[in-house]
Amino acid sequence: MADVVHPAHGEVHRHEPPSGFIRKYIFSTDHKVIGIQYWFLALFSVILGMLLSVLMRLQLGWPGEEFGFLKTIFPTAAEGGTITPDLYLSLVTMHGTVMVFFVLTTAPQGGFGNSFLPIQIGADDMAFPVLNMMSFWITFLGLVVLLGAFFATANVIGPIGGWTGYAPLSALGEKAGPGQGLGVVLWVSSIALFCIASLLGALNFITTMLNMRTRGMSLMRLPLTCWGWFTTAVLALLSFPVLLAAGILLLLDHLAGTSFFIPTNVLDDRQGGSPILWQHLFWFFGHPEVYIAILPGMGLASHILATFARKPVFGYRVMVYAIFAIGLLGFFVWGHHMFISGMSPYTAIVFSVITLTIGVPSAIKTFNWIGTIWGGQIRFTTPMLFALGFVSLFVSGGITGLFLGQTSLDLPLHDTYFVVGHFHLIMGVAAIFGIFMGTYFWFPKMFGRMMNEGLGKIHFWFSFIGVNVIFIPFHVMGMSGAPRRYATHGNLEFLSNVMPLSKFISYAVFFTVGAQIIFLINLFWSMFKGKKASDNPWEATTLEWTIPSPPPYDNFAGRVPVVYRGPYEYSVPGAPTDFSMQTDPDEPKAAEPAGDESGD
Amino acid sequence: MGKLLGLFLFLLAVGTAILFLGGWWWFPESISEYGPLIDAQFNRTLVVVGVAFCAAQIALGYAIIRFGRKGNERAVYTHGSSKLELTWTVITAVVFVALAILGQRVWAQFHLDETPPNAKKVEVVAQQFQWNFHYPGPDGALGRTDRKLINDSALDFVGIDRSDPAAQDDAELTTLAIPVNQPVELTLRSKDVIHSFFVPALRIKQDAVPGLAVRMNFTASRIGKYELTCAELCGNLHHNMKSFMLVLPDNEYNELMALPSDDFVVRMGELLQRY
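Those sequence lines, one after another, are chains V and L.
Just so you know, the first sequence maps onto residues 1 to 600 in the numbering used here.
Just so you know, the second sequence maps onto residues 1 to 275 in the numbering used here.
Derived by calculation from the structure, the hints in this document are not laboratory data.
Keep in mind the model is a prediction, meaning the values are calculated, not measured.
Be a bit skeptical, because a hint or two may be false.
Claimed, not checked - Ranges of calculated distance between the beta carbons of each label pair, as one might list FRET restraints:
#	chain 1	residue 1	chain 2	residue 2	range
1	L	D146	V	F504	46 to 52 Å
2	V	L277	L	I18	40 to 46 Å
3	V	Q271	L	L272	36 to 42 Å
4	L	G23	V	F69	38 to 44 Å
5	V	G68	L	L102	34 to 40 Å
6	L	Q168	V	Q271	19 to 25 Å
7	V	L328	L	L102	39 to 45 Å
Stated by the list, open to error - Calculated cross-link-like contacts (lysine to aspartate or glutamate; reagent style EDC-like; alpha-carbon spacing at most 16 Å):
#	chain 1	residue 1	chain 2	residue 2
8	L	K148	V	D269
9	V	K175	L	D192
10	L	K225	V	E493
11	L	K242	V	E493
12	L	K148	V	D268
Claimed, not checked - Coverage of chain L stretches by chain V, computed from C-beta distances (three or more under 8 Å per stretch; other residues unrestricted):
#	segment
13	17 to 24
14	28 to 38
15	51 to 59
16	64 to 71
17	197 to 207
18	239 to 249
By construction, the Cβ of each residue, glycine as well, lies at the ideal position given by its N, Cα and C atoms.
Bound conformation, chain L alone:
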């Protein structure tokens, strides 16, 4: 029985390594500036965790095989070794804290660095079970919004106040369009419950909390259409709360943003088909 269990633990170590490193399932392709840094930190952690995991399972398996009962022999009588305890405490403490500190770098860059002033601004207004994106239009300034002006039948889910000069050229849509290789600043809001903005290809996730305006910025480096999902349980149709993020070449993006809001909607539909 002991041999079998020991062998199973060896197999567990090898099998898990193959599952993780086999390449069948991995993060989707990364398209933001945080992606490579997060991936590097993940890989660093994977090495530490992988070695510790395999070492622990194999040591356990080895002990199980080696120290099975032999006749009436007695076990070694020992209550432990302070020297050993101290050694492995210090080693794990150093490794774990080092990992924790290394893990803060991308975090700090994502959350604490200033948003570049030229960042394209988009307001994200989440609601059950839909993403709304409020675009500033050619003037680059987001107009005022008011909850009382929300009019679902006119497809105004954000409540843009057209009396505000900055809001004259604003547009809103349920798809996110951004330019490639240019910084973007999203302001996340929610109209009802907590949602979470998650584009796996960006490697980042941020809750949209009612009552808060949470900012996040990133730069997408590859043209294409990427799925956007909600990562916080928001009600019965949570899994249906999906949309797309279109990363467009400069000219297409600029053309799109220069359109009056009705044409904007039509063009976005065409772009969604194309990508």
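Excised from the complex, chain V in its bound form:
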């Protein structure tokens, strides 16, 4: 595949990389470097977030027990060597915030999107490279500010409010108790910075995909990954500004004595604000955020399933429309987070019906993923295993939305472990599996070496078994009535039979987190010692596999690639190989596809 460019369009405009270390690796405008920066930021964050969850599970499995090492880590917050309720809730808040923003929003979009959107559409960089650099560094600053919240107060380790930071608890300052002071200010500021960064990123993604596609790359020839990133960017563009505004109002309530979210007669003399307003603004962002986390993974799952089943994606167009439908409907369902908030019960009915209809495009995606591997010749590589695991987790996590989306069933289940299990499977673990599959799949292109398949498979098995064993039992805990964000359930009699299950889950968490060491070893070992990767080690069809691994600074070495076909032309009858590259100029003898939908 060395000569991928049609001779007629073969003019060469090379761009040389900057020479200094700082411009090349730190303040780089190269989308590939920025992608890797985002990816490492997410890796740091996910390790942190995971360690926080280990501490939470320690408390939930062995409430109030003394652990000597805690005195060393938290000399003031865990003076007695036990996890206090204050410390526990700080861990909850920081775990959620770090994971949602700096892992699930960062790696799939900022990491893989930056690295591969320009290459997959045949461009030499993003539309606005400097803006791209700024997006990353503002995100980085946001993370630094958030980490600062750990050190905000001496005896509490961070803010106490959950990642949703409901007002007026989050708006009143220290009057509302420990963990509501400087920690909350830093927490909101961090989120505000993150909003700005995501907004800049979203503008860049949208412009790049619409304007910078290479010759022949019509919209319906785009890989589904690109549709995932594009729709995610549209959601980010429309939802982050709302959270930014809400965050600024909350900061004003906190610091300037305003009263946007503080009603009359609450702890001080302010008047007239609405606590429910915060929830509307937060969830207007917060629900699309769920799709911001998962849509890139959905695009990538389609991509990888087709690649390793050696079959075209089943119903490509429908997959694109389903992504749109999910993105669009995602803006009209935020109220299902607020059924019991005190808002009008009539509104709740409307939100509930729309919420259940969003299950329809989600079900279509699942059908089509199974349709894609049906009749295939599956190669069980590590990225494929994670993609299959993703489909299974997407089903397990998504389907319980049918309970929670119903107004009446939300009455007992709201704010219990049923919800925690639901969103961890769909938004947490499924999206993390998306990040894993992207890493195993694109690692050769990003770093020029292959990851170890044996270690990759062990990592898959331990992780896949682990997450199911952890999160499925959460649902029955929730049915038993276990409320979330409780430092312990031990003081409630009706939950006495939940306690052994909780301890069992803690063991499963330790096992699963421990298994991630296999991934880290594989990652760093492969980065330096892995087998050298060829241009196209997976025999895939899209543009990133037409260029060297890792790609040169200007991606296509100054040539303009020309695209002749759709992205998933696998096993085309009569073609010389079972994969027809998008850039292969020779039209294979067109055999009629067995299905009735045209290829592009």
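Given the structure of chain V, go ahead and fit chain L onto it with the hints provided.
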């Protein structure tokens, strides 16, 4: 590898079914009129979700086992089938929307039906990390309250205005006592941040929001002592914000309500011990 993963997915379907249907963990016993209706809707949804879940996992597992790579054979070349797409879109749309509509019935009954006029009224005033219940006393009318009259050292967390005639016989306590088989109307308020009234045995939950007075009504059908928890993160001791709901036989309830407020407190302590 494919066979193993396929088998694991079969196991996942069976294992999850056993976990949900094994009976080790389930909703607590239901004691309100909404309970059986909510449980019926839950079970209906569980059937739909259970069948869809198992079917999807098993179909995925089957495809994984069956379509593993065989030598140099080529995969089937197809881009899909509009007929199939349309079929499953219509089926899921009908099933999901039907569920959503069925799910509104109990909701409407809980929120939209008029409270029966004879409902016993109790005002719930939540605060960090305590539930306060303001009882109307024998006259059945809740007296005026005023935030300025709150006096923690006198154990008046609600701020009852004793100058209001209706407030003369009012009592307040941190335990909720209600009569069995009689409609009750709670008015939920909060003094500081958002809390959420959650008695798992009632199957219902409602936020207490500062600045709002949210009403809810129910009828408890079984005598006993039930745990009441806070379901909305309200600060560092959120998990400690628990209390009890006592569902009393008519005579005990009436006796209790006829007592002057000091005796009321003592009697409630006795009742809490007994149940």
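Please verify the coverage claim for the segment 64 to 71 of chain L: does it have three or more residues whose C-beta sits within 8 Å of some C-beta in chain V? holds (count 5)
L328 (chain V) paired with L102 (chain L), Cβ distance criterion 39 to 45 Å: Roughly 25 Å apart at Cβ, these two residues miss the hinted range, so it is violated.
Assessment of proposed distance window 40 to 46 Å (beta carbons of L277 (chain V), I18 (chain L)): Between L277 (chain V) and I18 (chain L), where Cβ atoms are some 45 Å apart, the hint holds.
Checking C-beta pairs, does the segment 17 to 24 of chain L have three or more residues closer than 8 Å to chain V? Since 3 is at least three, the answer is holds.
Verdict for G23 (chain L), F69 (chain V) (Cβ pair) under range 38 to 44 Å: Holds, at about 39 Å.
Hint says 34 to 40 Å; check whether the CB-CB distance for G68 (chain V) and L102 (chain L) agrees. The hinted range 34 to 40 Å is violated for G68 (chain V) and L102 (chain L), with Cβ atoms some 54 Å apart.
Starting from K148 (chain L), check that the Cα of D268 (chain V) is at most 16 Å away, please. holds (12 Å)
Mind checking the alpha carbons of K175 (chain V) and D192 (chain L) for me, to see if they're no more than 16 Å apart? holds (10 Å)
Straight-line Cα separation of K242 (chain L) and E493 (chain V) no greater than 16 Å? holds (11 Å)
Do the Cβ positions of Q271 (chain V) and L272 (chain L) conform to the proposed distance bound of 36 to 42 Å? Between Q271 (chain V) and L272 (chain L), where Cβ atoms are some 38 Å apart, the hint holds.
With respect to the beta-carbon atoms only, verify the hint that D146 (chain L) and F504 (chain V) lie 46 to 52 Å apart. holds (51 Å)
Sort out whether D269 (chain V) lies within 16 Å of K148 (chain L), counting only the CA atoms. Distance of about 12 Å is within 16 Å: holds.
Checked against the numbered hints above, the structure breaks hints 5, 6, 7 and satisfies the rest.
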